[in-house]
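Trainee: Starting from the known structure of chain L, arrange chain Y on it as the hints suggest.
One line per chain: the protein sequences are L and Y, in this order. Residues in the first sequence are numbered from 89 upward in steps of one, following the numbering used here. Residues in the second sequence are numbered from 89 upward in steps of one, following the numbering used here.
The reader is advised that the hints may include incorrect statements.
The list makes no distinction among identical chains, and a pair is therefore deemed to hold if it is satisfied within one copy or across any two copies.
Said to hold, decoys possible - Subject to a maximum C-alpha distance of 20 angstroms in a straight line, what follows is the list of computed SDA-like cross-link-like pairs (lysine to any residue):
| # | residue 1 | residue 2 |
| --- | --- | --- |
| 1 | Lys181 | His221 |
| 2 | Lys242 | Thr252 |
| 3 | Lys128 | Leu191 |
| 4 | Lys243 | Cys129 |
| 5 | Lys182 | Thr302 |
| 6 | Lys242 | Arg124 |
| 7 | Lys297 | Arg354 |
| 8 | Lys128 | Asp201 |
| 9 | Lys128 | Leu270 |
For the record, the hints were derived by calculation from the structure and aren't laboratory data. Since we're looking at a predicted model, the values are computed, not measured.
There are 2 protein chains.
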Amino acid sequence: MAKPSNLRSSSFANSGATPEVRLFSLPGIPEIHAGRDLVKCVIDAARRAAIRFESGDILVIAQKIVSKAEGAVVRLTAIKPSPKARSLAGRLKKDPRAVQVVLNESRRIVRSDHVLITETHHGFVCANAGVDHSNVPGNDVVTLLPRNPDRSAKKLAAAFRRRTGKRVAVIISDTFGRPWRLGLTNVAIGAAGLPVLLDLRGSRDRHGKLLSATILAIADELAAAAGLLMEKSKGSPVVLIRGYRYKPRFEPATRIIRPAAEDLFR
Amino acid sequence: MAKPSNLRSSSFANSGATPEVRLFSLPGIPEIHAGRDLVKCVIDAARRAAIRFESGDILVIAQKIVSKAEGAVVRLTAIKPSPKARSLAGRLKKDPRAVQVVLNESRRIVRSDHVLITETHHGFVCANAGVDHSNVPGNDVVTLLPRNPDRSAKKLAAAFRRRTGKRVAVIISDTFGRPWRLGLTNVAIGAAGLPVLLDLRGSRDRHGKLLSATILAIADELAAAAGLLMEKSKGSPVVLIRGYRYKPRFEPATRIIRPAAEDLFR
Numbered sequence: 089m090a091k092p093s094n095l096r097s098s099s100f101a102n103s104g105a106t107p108e109v110r111l112f113s114l115p116g117i118p119e120i121h122a123g124r125d126l127v128k129c130v131i132d133a134a135r136r137a138a139i140r141f142e143s144g145d146i147l148v149i150a151q152k153i154v155s156k157a158e159g160a161v162v163r164l165t166a167i168k169p170s171p172k173a174r175s176l177a178g179r180l181k182k183d184p185r186a187v188q189v190v191l192n193e194s195r196r197i198v199r200s201d202h203v204l205i206t207e208t209h210h211g212f213v214c215a216n217a218g219v220d221h222s223n224v225p226g227n228d229v230v231t232l233l234p235r236n237p238d239r240s241a242k243k244l245a246a247a248f249r250r251r252t253g254k255r256v257a258v259i260i261s262d263t264f265g266r267p268w269r270l271g272l273t274n275v276a277i278g279a280a281g282l283p284v285l286l287d288l289r290g291s292r293d294r295h296g297k298l299l300s301a302t303i304l305a306i307a308d309e310l311a312a313a314a315g316l317l318m319e320k321s322k323g324s325p326v327v328l329i330r331g332y333r334y335k336p337r338f339e340p341a342t343r344i345i346r347p348a349a350e351d352l353f354r
Numbered sequence: 089m090a091k092p093s094n095l096r097s098s099s100f101a102n103s104g105a106t107p108e109v110r111l112f113s114l115p116g117i118p119e120i121h122a123g124r125d126l127v128k129c130v131i132d133a134a135r136r137a138a139i140r141f142e143s144g145d146i147l148v149i150a151q152k153i154v155s156k157a158e159g160a161v162v163r164l165t166a167i168k169p170s171p172k173a174r175s176l177a178g179r180l181k182k183d184p185r186a187v188q189v190v191l192n193e194s195r196r197i198v199r200s201d202h203v204l205i206t207e208t209h210h211g212f213v214c215a216n217a218g219v220d221h222s223n224v225p226g227n228d229v230v231t232l233l234p235r236n237p238d239r240s241a242k243k244l245a246a247a248f249r250r251r252t253g254k255r256v257a258v259i260i261s262d263t264f265g266r267p268w269r270l271g272l273t274n275v276a277i278g279a280a281g282l283p284v285l286l287d288l289r290g291s292r293d294r295h296g297k298l299l300s301a302t303i304l305a306i307a308d309e310l311a312a313a314a315g316l317l318m319e320k321s322k323g324s325p326v327v328l329i330r331g332y333r334y335k336p337r338f339e340p341a342t343r344i345i346r347p348a349a350e351d352l353f354r
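The shape of chain L in the complex, shown without the other chains (with noise of 0.2 angstroms):
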């Protein structure tokens, strides 16, 4: 088990010559429902936490309390399955209503062998159009992705600026699944302050020799890193990035998505 840092400890006497990044949890955020005030929420958390908001600091939302705070749920109740939702929910032993749901949040189906693989109206792959029952309260209720990820957090950095007087960015994250590789990791799916993509085409190694093919992902990398203190059952769907240097910018996540015609994984 890793020991619990203690941030006075000696063995830290870091000069401020190495580059560091810390991460907060912030624990105790209530349950989110439609109306909520999330940057109040939020600010308050922070507040408990002893932690003051600085410029620079990025603050990686989950998905689903954003979701939620928009009201982008869906009573399955609500929902008469069409006899395709009907025949994917048989073949795939899903409920034909939260696959409608799915239906109805996708342009298009990717894979439908096991689990069902959708491109979503923004153009996100992933499992089930990031439709989800898991923490929400209520058996028949499921969370949709928000409408506009990147407006969204475009609205947040805007509000935490004007509450708190620092430039925030922020990301909202979901867990997504890869090919090739088992296990979920949180990505960016929208993103407001900050750039998404890092370019360091035409830049060059410790060796003179340019960096072809380089440009890196740096929102989901944030995503990731914030994804460590996620835990999914414990309620702690907001972590605070500090120390990670970049220059402010307002680029969507959506940049992200691999454009249709230049992905050979379609």
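Mentor: Same frame as chain L, but now just chain Y:
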């Protein structure tokens, strides 16, 4: 621009109740060549950064320097390309000798449309089988992935234990592309001393509902977090992660590879 963090800032009166993870870059790793004592280089870099290892720390080490220390490099002048390599190279506008090295490192070509995506002998699916010419001195030398990155990680972890007295987990990382999403992210290709997948199946969310499909690829999230501080061109290929809680375990990073039979995208 994010402000540099100040360890003694009063805005960090963190009581210890807030889970916190810290990432330190260990700069000043010298150019690594075959037979160089990598563990000593890392210990020296940590000492210069005034960081003392603690049990539970996780070292993420870029594949490149492990490969160099192990002599997993190839001089292209020694390579005679096959007709297949020449044909692929013509189509992809690449050096036929470099393509031959990629074929040598691969058990199967997955795609060769715009880029050469192969399955390595380890089972990793990535561009160019991980063969890379950046951050290598000389124009005709390429690095390979380590022969057995899990074994390399295990050896390194044992050496850190021996020399520091601390139980330090090791992840060997490389930057891989993904279908559907642009940009590279840092992932784990070797691991020792920590779980690579965190299986939350059977655990319950805050509403008591079973989390059905949740396995988190935590070694990849740790590698991605470290990737934020591994600036490719600036020679900081080692990142220390502190404060992430895990149960020590030997679990190979190859466990992350999705079995071909279950993979819908090969």
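Trainee: Give a verdict on every hint.
Mentor: Each hint, compared with the structure:
{"no.": "1", "hint": "Lys181 with His221", "verdict": "within (16 angstroms within a copy, 48 angstroms between copies)"}
{"no.": "2", "hint": "Lys242 with Thr252", "verdict": "within (15 angstroms within a copy, 46 angstroms between copies)"}
{"no.": "3", "hint": "Lys128 with Leu191", "verdict": "neither (34 angstroms within a copy, 55 angstroms between copies)"}
{"no.": "4", "hint": "Lys243 with Cys129", "verdict": "within (15 angstroms within a copy, 46 angstroms between copies)"}
{"no.": "5", "hint": "Lys182 with Thr302", "verdict": "between (41 angstroms within a copy, 17 angstroms between copies)"}
{"no.": "6", "hint": "Lys242 with Arg124", "verdict": "within (17 angstroms within a copy, 48 angstroms between copies)"}
{"no.": "7", "hint": "Lys297 with Arg354", "verdict": "neither (34 angstroms within a copy, 33 angstroms between copies)"}
{"no.": "8", "hint": "Lys128 with Asp201", "verdict": "neither (43 angstroms within a copy, 50 angstroms between copies)"}
{"no.": "9", "hint": "Lys128 with Leu270", "verdict": "neither (36 angstroms within a copy, 34 angstroms between copies)"}
In this structure, the earlier hints numbered 3, 7, 8, 9 are contradicted, and the remaining ones agree with it.
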